[in-house]
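Going down the list, the protein sequences come from chains A and B. Here the first sequence is numbered in numbering that gives the first Met the number 0, starting from 0 and rising by one per residue. Here the second sequence is numbered in numbering that gives the first Met the number 0, starting from 0 and rising by one per residue.
Treat the hints with care, as some may be off.
Since the list gives no way to pick one copy over another, a pair counts as held whenever it fits inside one copy or between any two copies.
Stated by the list, open to error - Here are the simulated BS3-like pairs of lysine-lysine, each with C-alpha atoms no more than 27 Å apart in a straight line:
#1 Lys51 / Lys278
#2 Lys51 / Lys82
#3 Lys278 / Lys82
#4 Lys124 / Lys82
#5 Lys2 / Lys32
Simulated from the structure, these hints should not be mistaken for laboratory data. The structure presented is a predicted model; accordingly, all values stated were derived computationally and were not measured.
There are 2 protein chains.
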Amino acid sequence: MAKLSGRLVVGQSGGPTQVINNSLVGVIEQARKQVEVTDVYGSLHGITGVLKDDFVDLGQQPDSVLAGLRHTPGAALGSVRYKLQPEDYARIVHVLRSHQVRFFCYNGGNDSMDTAYQVHLAAQKEGYELYCVGIPKTVDNDLAYTDHCPGYGSAARFVAHAVRDSGMDTESMGPSSPVKIIEIMGRNAGWLTAAAALARQEDGDPPHLIYVPERPVDERTVVNDVRRTVEQRGHCVIALSEGAVSDAGTGEVDAFGHRMKGGAAEYLARVVSEQLDLKVRLDRPNYLQRSFTATLSAVDADEAYLVGQTAVTLATAGVSGVMVTLQREPGDAYRCTTGTAPLDQVANAERFLPDEYINAQGNDVTEAFLEYARPLIGPPLQGLVRLEHLPVPARAGGQK
Amino acid sequence: MAKLSGRLVVGQSGGPTQVINNSLVGVIEQARKQVEVTDVYGSLHGITGVLKDDFVDLGQQPDSVLAGLRHTPGAALGSVRYKLQPEDYARIVHVLRSHQVRFFCYNGGNDSMDTAYQVHLAAQKEGYELYCVGIPKTVDNDLAYTDHCPGYGSAARFVAHAVRDSGMDTESMGPSSPVKIIEIMGRNAGWLTAAAALARQEDGDPPHLIYVPERPVDERTVVNDVRRTVEQRGHCVIALSEGAVSDAGTGEVDAFGHRMKGGAAEYLARVVSEQLDLKVRLDRPNYLQRSFTATLSAVDADEAYLVGQTAVTLATAGVSGVMVTLQREPGDAYRCTTGTAPLDQVANAERFLPDEYINAQGNDVTEAFLEYARPLIGPPLQGLVRLEHLPVPARAGGQK
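Next up, chain A with everything else stripped away, as it sits in the complex (with noise of 0.2 Å):
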């Protein structure tokens, strides 16, 4: 392993989340401290600011600034979705070399691990010695051989407060608008609208249905389910993933013809509102999901710094075409290291919610999920009561 040295660049892609910049944060901070590092620039909107030579000097950001982005969201680089076409990738050598950058740090989901995965191909190919370490992000949780994703903890707290609150009112709001269904991101994976449960403190707590796309329903299941519900509670508050409703019950599509964002949604409240003739809400908050700051967890946070940092320690160690993972350390109190798992492999795999997680009637996750994903979002959220039931004895008479 050469102890090289040279500039570090650290770009970040794909959809951001509230904690992206405490990777930033860990990889500046970290990089400030390795004598191998010469400069640290930041590559502006991910793989594009490499294209064309356009970064922004890291290494001299003020404190303040260093401290402030550890709670703002959006990515501080400018994000892209970008795929490299062939042409690229002699182009992105070049201008690697220019700068005499030997480190590349790529910040992102799926797709970025490949992308950081054709920065080390292309390295390699023209025999230019750089190291790359991808470092993982996403809301989704939906990269392997990790155990969750920085970014993750933020957006689950987020949507578990979301369901529960709006659930109470829904709760509170009586026959008048029993139903509600609040829309969570997720196509593929329902890691993050498992998630609204984490706030339920007792039985009858919202949501009281979760529908994810590993276990894709039809409407005539949704309407069974919010019928029994509603007869048993009074009310149903329905977390829903955005891929959740298989193809049959789906036709919406928008003026260009492409199915429309959230059409599911929109499509199960017409029909239970249709079939069961109740008054259904809808939430939506879509990308508050992954920018809203209030909610951050700071178990996240720190995990998202720790990511950035062990990039920059393992690429200056020589270390190249992986992606830093999170390792649960066995035991009861909760604790994380880190590990490596390959680039190509990372980019080419999609974690789902595993069986064991959801339950047998495929409309709520399980205790073993609970425990997965408790400590993710840090300390429980604060709890919210209910009147004592202590009736008073009815006096007046007539039509009670």
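Got chain A sorted already, so can you dock chain B onto it with the hints?
Leaving out everything else, chain B in the frame of chain A:
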């Protein structure tokens, strides 16, 4: 004014807020202190609890419940939307008389103040001595005769956080999805949408456009505003009131022929996307705006408590037929005291954003609005940062 003694009934009505139960606790704790009040009862689901003789004993609730209610969303007594019928009046007086109720406090918006007024009149007509006082509450902030409404401050804090954080997410995505529309509650009044401006720290911060129902816009204006903003900044974040688009622009109806809630936001998203060929993303947090407690404003919670407490003080002092109001004291430091307004006047009025709070173009708020609203959301949000502009000189040549 007789110093009558008897039971006190409190009810909650209309859409809940984050702090609605603070008013309930204010009522309960003050009622316990007043020698005139023999018991304090809660009417379940607003006025229907009275009609059905369905009360819960609030005097015996444990302290832990009262403490927990101060951060519990939803109406703890259950809410209702029910318009009193003339045949209900005698029944209401009969039930209240059967329980020796002499004090009636009712918490809600202008429809609820109308209910409280009808109860006040019915008691007078039946010759039953009853003291009725209204307690204001609405996230819409549209009640007249009060500086602002309890509930508004916390909803406004949520909206400011949401638009800022989701706006930073949009800013970081670059040209791939440069336009975000965030739909805010408010069919007739733009107070809550205007609050989106409260989180701006510097010029260029989101939101870039604010549209309120007081100045309905047509699609051509919006398209021009968005085009100009994207040309100038590269992206555009819009805070849109549910009711801000003039009728010409919204023909969307649901399967039942009803105009779709949120039709305006979806319609505008489609128009902007088609006419400017830009990707538009939508956030519709809906009921989160009135329930999400992680952004509760302490000022708002304390004022909600105060108006509940004051309602009891007034009723037990022999006042009836009024709503408690908040009166802002002159001077530099923000401070509110309470006053009263006649229930029938409140019931028949609706308060809109005054002209001086909206800019000339009708696409933003003024500094006067910010001065009005700033103290209501509690301490300033934790400030965000952007990276310092420290560009690295290009070295690679070509393609820049």
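Checked hints:
Taking CA atoms no more than 27 Å apart as the test, Lys51 paired with Lys278 passes between copies only; the shortest distance there is 23 Å, against 53 Å inside one copy. In this assembly of identical chains, the alpha carbons of Lys51 and Lys82 lie at most 27 Å apart only when taken from the same copy (15 Å versus 64 Å across copies). Taking the closest pair of Cα atoms, Lys278 and Lys82 come within 27 Å of each other only across two copies (18 Å); inside a single copy the shortest separation is 44 Å, beyond that limit. Within a single copy, Lys124 and Lys82 get their C-alpha atoms as close as 19 Å, which meets the 27 Å cut-off; across copies the closest is 76 Å, which misses it.
When the C-alpha separation of Lys2 and Lys32 is checked against a cutoff of 27 Å, the pair qualifies only within one copy, where the shortest distance is 15 Å, while the shortest distance between copies is 76 Å.
Of the numbered hints stated above, none is contradicted by the structure.
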